[in-house]
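Following the hints, position chain B against chain A.
If you're matching them up, the sequences are chains A and B in order. Residue 313 in our numbering sits at position 313 of the first sequence; the count goes up by one each step and never skips. Residue 359 in our numbering sits at position 5 of the second sequence; the count goes up by one each step and never skips.
Hint data in this document are derived by calculation from the structure and do not stem from the laboratory.
Which chain B residues face chain A? A few, computed with CB under 7 Å, are given here: (1) LYS422; (2) ARG427; (3) THR430.
Only pairs whose alpha carbons sit at most 30 Å apart, straight line, appear in this in silico DSS-like list of lysine-lysine: (4) A:LYS228 with B:LYS388; (5) B:LYS370 with A:LYS40; (6) B:LYS422 with A:LYS5; (7) B:LYS422 with A:LYS232; (8) B:LYS422 with A:LYS174; (9) A:LYS232 with B:LYS388; (10) A:LYS40 with B:LYS422; (11) A:LYS231 with B:LYS431; (12) B:LYS431 with A:LYS232; (13) B:LYS400 with A:LYS232; (14) B:LYS388 with B:LYS431; (15) A:LYS228 with B:LYS431.
Glycine included, every Cβ here is placed at the ideal spot set by N, Cα and C.
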Amino acid sequence: MGKLKTQSLQKRDSDLANSNRQLEILSNGIFGSGELPTFKTKIAETNQFPLKAKKLEILQINVGYMCNQVCEHCHVDAGPDRKEIMTRETMQQILDVIKVTGAHTLDLTGGAPEMNPNFRWFVEEAAKVGVKDFIVRSNLTIIRANKKYYDLPDFFKKHNIHVVSSMPHWTRGKTDKQRGEGVFDMSIKALQELNDRGYGMPDSDLKLDLVYNPNGAYLPGDQATMEKDFKKALMEDFGISFHNLFAITNLPISRFLDYLIASENYEDYMYALVEAYNPAAVENVMCTNTLSVSWDGYLFDCDFNQMLDLPVNSKAKHISEYKEELLEGRNIVISQHCYGCTAGAGSSCQGVVA
Amino acid sequence: MSKTYYDPADLRKFGKISEWNQELGDKFFDYYGKVFEEGSLTAREKSLIALAVAHTEQCPYCIDAYTKDGLQRGITKEEMMEALHVGAAIKSGATLVHGVQMMNKVNKLEM
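This is chain A alone, in the form it adopts within the complex:
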């Protein structure tokens, strides 16, 4: 258990900032020796290889890797030192796609998406198109990080944004250990401000969901039970309401992979993922109905593949080349990190899938 890092792997010149190195680790060792089956072998056992993309439902846009936090488990390796930021030109290309796509959900993520200087313009323009569910993944602390962000709850409300926020635990200690000193108190304050605007209230249409991911080398517990525990604790201790809790499994890539290796938990964690493999979760795994767009406009099956530089297996590689017919039915690009989405009840950006 080390001190919380303040720089990204990239800034620290870590070996694991290199996606090829991560993919090597995931392909060699216990998987290279055959001690554990590769993900391809495993899904082939139930005739689920190759995994194919179905109709697009969710367009997930990563507007940049810059973030005000440096979370221990971050699969994006985001942080204040990351300079990859989506330009307005790329955003315009995405808006052109939003107008023609049949996707019902637009999901903005980062880094802290609010730190992109064109974030508000993009939200205003995208809201005009009228997608059914418009999600912003907010880390909460950004709302209290600087005066210029204080009005974000009002801005979200004005555009009927569905706010999805990370909250690893209902206690200060566990939250701050993963996300940094002071994060818990700032998150509580931000949640109270969102509640004040009507977000997360029992009958409110202003949706506020929380994301829980484990604080170490173990899998998430039952989502419904965790939700009950979170709701009880946050209401009793702070008077906070929210709608749903999404329990998300940490995938063994980037900073979480770095942590697993440094803490000598990598093999046990991979064993746990493989043992919890659930073919039913494969059926609904998010890459089959989601498309991930990177800060520079390239297309990926999911945000994790984006971080591993595994582009979509399609003629359309960039948002400017987007054609639904070129992407539907494509073979999903897989590696051993995919076990993270198929363990137990499965895991996706919207929580469990099986």
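Showing chain B alone in chain A's frame:
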């Protein structure tokens, strides 16, 4: 053969005990699974009981398993430690309560 009595990796092989007696192994694991299901007690409460007993039994495999199980359920380290003290209190109480037997014996033997 391992040169130590306990190898953490052996916990993963627990299921293999059924290979040498499938019927009894299956019966045990069925029973085990059933015990930990949600009942009059929650699965969370059962996990804490298991953690405390794992310590009083001093079973390193069980300690690993139920520490991880607790974390997965969002149980805090403070709750885990309190559960352990319950186990420790019963263990020490069980030792000390035998003192009554000692006292009875002394009283009987001494003039």
